[in-house]
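Starting from the structure of chain Y, add chain C where the hints point.
2 protein chains.
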Amino acid sequence: MRPFVQRGGKATQVARRRPESGDGQVFRTLRGIGDDCAVLRVLRGHDLLVTTDFSLEGIHFRRAWHSPESVGHRCLTRGLSDIAAMGGEPLAVFLSLALPEKLQQRWVDGFVRGLLRLAKRHSVTLAGGDTAQSPEGVLADIIVVGAVPAGKAIPRSGARPGDRIYVTGRLGRSAAAVRRLYAHPHTKLAPRRYREHFFPEPRVAVGCQLRQGRIATAMIDVSDGLSTDLAHICSESGVVARINAEAIPRLRGPDGLQLALNGGDDYELLFTEPARRRVPEEIAGVPVSRIGEITRSASVVLVEGNRERPLSPGGWQHFAKPR
Amino acid sequence: MRPFVQRGGKATQVARRRPESGDGQVFRTLRGIGDDCAVLRVLRGHDLLVTTDFSLEGIHFRRAWHSPESVGHRCLTRGLSDIAAMGGEPLAVFLSLALPEKLQQRWVDGFVRGLLRLAKRHSVTLAGGDTAQSPEGVLADIIVVGAVPAGKAIPRSGARPGDRIYVTGRLGRSAAAVRRLYAHPHTKLAPRRYREHFFPEPRVAVGCQLRQGRIATAMIDVSDGLSTDLAHICSESGVVARINAEAIPRLRGPDGLQLALNGGDDYELLFTEPARRRVPEEIAGVPVSRIGEITRSASVVLVEGNRERPLSPGGWQHFAKPR
Numbered sequence: 001m002r003p004f005v006q007r008g009g010k011a012t013q014v015a016r017r018r019p020e021s022g023d024g025q026v027f028r029t030l031r032g033i034g035d036d037c038a039v040l041r042v043l044r045g046h047d048l049l050v051t052t053d054f055s056l057e058g059i060h061f062r063r064a065w066h067s068p069e070s071v072g073h074r075c076l077t078r079g080l081s082d083i084a085a086m087g088g089e090p091l092a093v094f095l096s097l098a099l100p101e102k103l104q105q106r107w108v109d110g111f112v113r114g115l116l117r118l119a120k121r122h123s124v125t126l127a128g129g130d131t132a133q134s135p136e137g138v139l140a141d142i143i144v145v146g147a148v149p150a151g152k153a154i155p156r157s158g159a160r161p162g163d164r165i166y167v168t169g170r171l172g173r174s175a176a177a178v179r180r181l182y183a184h185p186h187t188k189l190a191p192r193r194y195r196e197h198f199f200p201e202p203r204v205a206v207g208c209q210l211r212q213g214r215i216a217t218a219m220i221d222v223s224d225g226l227s228t229d230l231a232h233i234c235s236e237s238g239v240v241a242r243i244n245a246e247a248i249p250r251l252r253g254p255d256g257l258q259l260a261l262n263g264g265d266d267y268e269l270l271f272t273e274p275a276r277r278r279v280p281e282e283i284a285g286v287p288v289s290r291i292g293e294i295t296r297s298a299s300v301v302l303v304e305g306n307r308e309r310p311l312s313p314g315g316w317q318h319f320a321k322p323r
Numbered sequence: 001m002r003p004f005v006q007r008g009g010k011a012t013q014v015a016r017r018r019p020e021s022g023d024g025q026v027f028r029t030l031r032g033i034g035d036d037c038a039v040l041r042v043l044r045g046h047d048l049l050v051t052t053d054f055s056l057e058g059i060h061f062r063r064a065w066h067s068p069e070s071v072g073h074r075c076l077t078r079g080l081s082d083i084a085a086m087g088g089e090p091l092a093v094f095l096s097l098a099l100p101e102k103l104q105q106r107w108v109d110g111f112v113r114g115l116l117r118l119a120k121r122h123s124v125t126l127a128g129g130d131t132a133q134s135p136e137g138v139l140a141d142i143i144v145v146g147a148v149p150a151g152k153a154i155p156r157s158g159a160r161p162g163d164r165i166y167v168t169g170r171l172g173r174s175a176a177a178v179r180r181l182y183a184h185p186h187t188k189l190a191p192r193r194y195r196e197h198f199f200p201e202p203r204v205a206v207g208c209q210l211r212q213g214r215i216a217t218a219m220i221d222v223s224d225g226l227s228t229d230l231a232h233i234c235s236e237s238g239v240v241a242r243i244n245a246e247a248i249p250r251l252r253g254p255d256g257l258q259l260a261l262n263g264g265d266d267y268e269l270l271f272t273e274p275a276r277r278r279v280p281e282e283i284a285g286v287p288v289s290r291i292g293e294i295t296r297s298a299s300v301v302l303v304e305g306n307r308e309r310p311l312s313p314g315g316w317q318h319f320a321k322p323r
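If you're matching them up, the sequences are chains Y and C in order.
Numbers 1 to 323, taken from the working numbering, label the letters of the first sequence in order.
Numbers 1 to 323, taken from the working numbering, label the letters of the second sequence in order.
Same shape as in the complex, but just chain Y (with noise of 0.2 Å):
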């Protein structure tokens, strides 16, 4: 690990931690940026979440079509989202970033600000990394470690027949803003009016609340779309689903259920609860659906009316080719 330079010189963070869950104390960085390793405690009674992600230009973002925020931004909702889905809380950062050598020093600048004032929001530190020069545009990879009760991470693979499916939020937002980019590729949205896709929401609070109220048997974000992700649970669990079209958030108009189908990119959750639970109608301040069942079926099918269709995964190709 090199130590992660920020303008003005290397940051050493030490931190503790009290998380939001009311779970008490669960961690420090007794050592963080400029060392070989970063050294975290995480105290008796917690498991350890780690999950990486890669956001790569032209794959993930595109420089011309996203400010450095968004960027930064983009980059470490990726891996909060996926703590998020264990219903767990986000301790750490980890960021290995490579750079191309003509890169502004204020596009970098943006960067950092973008993914720390998120980092700040749900006080998580910056805790190390790498940097190195790109061959080849900007190469991020962002690490999240987290920490759940022993025994309590929420996996994919807990849904069973009868359970009931949610979802959060509104689903096709993000891929309506990838839509509009691909037709108009010169033109700039305005971030404010598709928050959703430049700054998406990743939904800690929300995950922990599930794993807390002991709600979700089965969770999992929903990053590449619906369809891909609820094939995601269903694989993992051994199950199939029924999923009522109606009954999914999304937006008005012909494309509506197709973007939330297959649009991605939108960090919801999507979770799964054995029909005992009261799962209220907002969690954290985020409207929670019921979109379908857990079935015993031969596969995923979708209810539109009165009609029934298999639903294939279908979801998020990346920004490499157009749509």
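Errors might be hidden in some of the hints.
Covered stretches of chain C, going by a simulated chain Y footprint (3 or more residues, C-beta under 8 Å) [claimed, not checked]:
1) 35-41
2) 48-61
3) 122-135
Dumping the calculated SDA-like pairs for lysine to any residue here, alpha-carbon to alpha-carbon at most 25 Å [stated by the list, open to error]:
4) Lys102(C) <-> Ile59(Y)
5) Lys152(C) <-> Arg41(Y)
6) Lys102(C) <-> Gln133(Y)
7) Lys102(Y) <-> Gly58(C)
8) Lys102(Y) <-> Ile59(C)
9) Lys102(C) <-> Arg62(Y)
10) Lys102(C) <-> Leu99(Y)
11) Lys102(C) <-> Gly137(Y)
12) Lys152(Y) <-> Arg44(C)
13) Lys152(Y) <-> Arg41(C)
14) Lys102(C) <-> Arg41(Y)
15) Lys102(C) <-> Gly45(Y)
16) Lys102(Y) <-> Pro100(C)
17) Lys102(Y) <-> Arg41(C)
18) Lys152(C) <-> Gly45(Y)
19) Lys102(C) <-> Lys152(Y)
20) Lys120(C) <-> Arg160(C)
21) Lys102(Y) <-> Arg62(C)
22) Lys120(C) <-> Pro313(Y)
No lab work stands behind these hints, which were simulated from the structure alone.
Quick caveat: nothing in here was measured; it's all calculated off a predicted structure.
Don't be surprised by glycine CBs; every beta carbon is placed ideally from N, CA and C.
Relative to the frame of chain Y, chain C by itself:
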């Protein structure tokens, strides 16, 4: 985190680990590849070490020069060597891997084989990661999670005036290989003749013994070259050093000293010892050489015969440009 897919589908690895050091069972991977996060449990009384390191085509390796097995091995060595430099034991590995569209599966298989062979030798689990399409070249980010008894990690910052300075192995052989590669870019070098470059051995067992014997007060791996890595120890510790050129274990010939000081890419351990401990001439089968001492002078100096000269950092600058 996307599941890391090996040929033939997804591998879920759940491992218990009993480290070589005799510290007892410190670690279990409760949930590996195939969920949003890996779930790890570190038993009480241990601190966690986390390190991340990029291996980027054209910067850290070239496909024309390095076999895929060598690239995989070198990629993991970078992370394991950081864990060794803290006196820690590696526990779990995460790999973010982005591949160009046209890369042959055979190359990927070789890369994974080289990485897993080294992982197996160190009883380390590949517990997760991310896969993506690369916009250009092979891009790998290796994350190694390790552990060390609480409070016992060996930092860079522990050197004090009067401490003796030691280095393991022999320096400069990897840099000699790099120089040959630049001089004869179309000739393949025999990996067996240049093992230190193509298949460097991270000094994990040495690092553990230095920690267990309470020998080392400060430690770093020599991945950037002796001059640069010594400067890191000095600046983190707020001290300077006096190095005896003749004592540096190096290649014979007129360039031996230069390669040892500034070549880098060695993955040996550089450490300080408070002049009260007996330092064996060999630790875990690796020779150990005393090369100087920490002083109270004004700057880091190199002593060659009767001459003294300041020693500035001049180490490893990657593969991007010929040196």
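### Satisfaction of hint between Arg41(C) and Lys152(Y), Cα-Cα up to 25 Å
12 Å, holds
### Message
Between the segment 48-61 of chain C and chain Y, are there enough contacts, at least three residues with CB-CB distance under 8 Å, for the coverage claim to hold?
### Response
holds (count 12)
### Task
Decide if the proposed pair is consistent with the structure: Lys102(Y) and Arg41(C), CA atoms, cutoff 25 Å inclusive.
43 Å, violated
### Message
Hint check: Lys102(C) vs Lys152(Y), CA-CA at most 25 Å. Holds or violated?
### Response
41 Å, violated
### Task
Would you check the hint for Lys152(C) and Arg41(Y), treating anything up to 25 Å between C-alpha atoms as holding?
Holds, at about 12 Å.
### Query
If you draw a straight line from the CA of Lys102(C) to the CA of Arg62(Y), is it 25 Å or shorter?
22 Å, holds
### Message
For Lys102(C) and Gly137(Y), compute the direct alpha-carbon distance and say whether it is at most 25 Å.
### Response
19 Å, holds
### Query
When you check the alpha-carbon spacing of Lys102(C) and Gln133(Y), does it fall within 25 Å?
23 Å, holds
### Task
Given the hint that Lys102(Y) pairs with Pro100(C), test it: the Cα-Cα distance must not exceed 25 Å.
23 Å, holds
### Query
For the segment 35-41 of chain C, do at least 3 residues have a Cβ located nearer than 8 Å to some Cβ of chain Y?
Contact hint for the segment 35-41 of chain C vs chain Y: holds, 7 residues under 8 Å.
### Query
Taking only the CA atoms, is the gap from Lys102(Y) to Arg62(C) under or equal to 25 Å?
22 Å, holds
### chain Y over the segment 122-135 of chain C, status - at least 3 residues with CB closer than 8 Å
Coverage by chain Y holds for the segment 122-135 of chain C (8 residues, Cβ < 8 Å).
Of the numbered hints listed earlier, those contradicted by the structure are 14, 15, 17, 19, 20 and 22.
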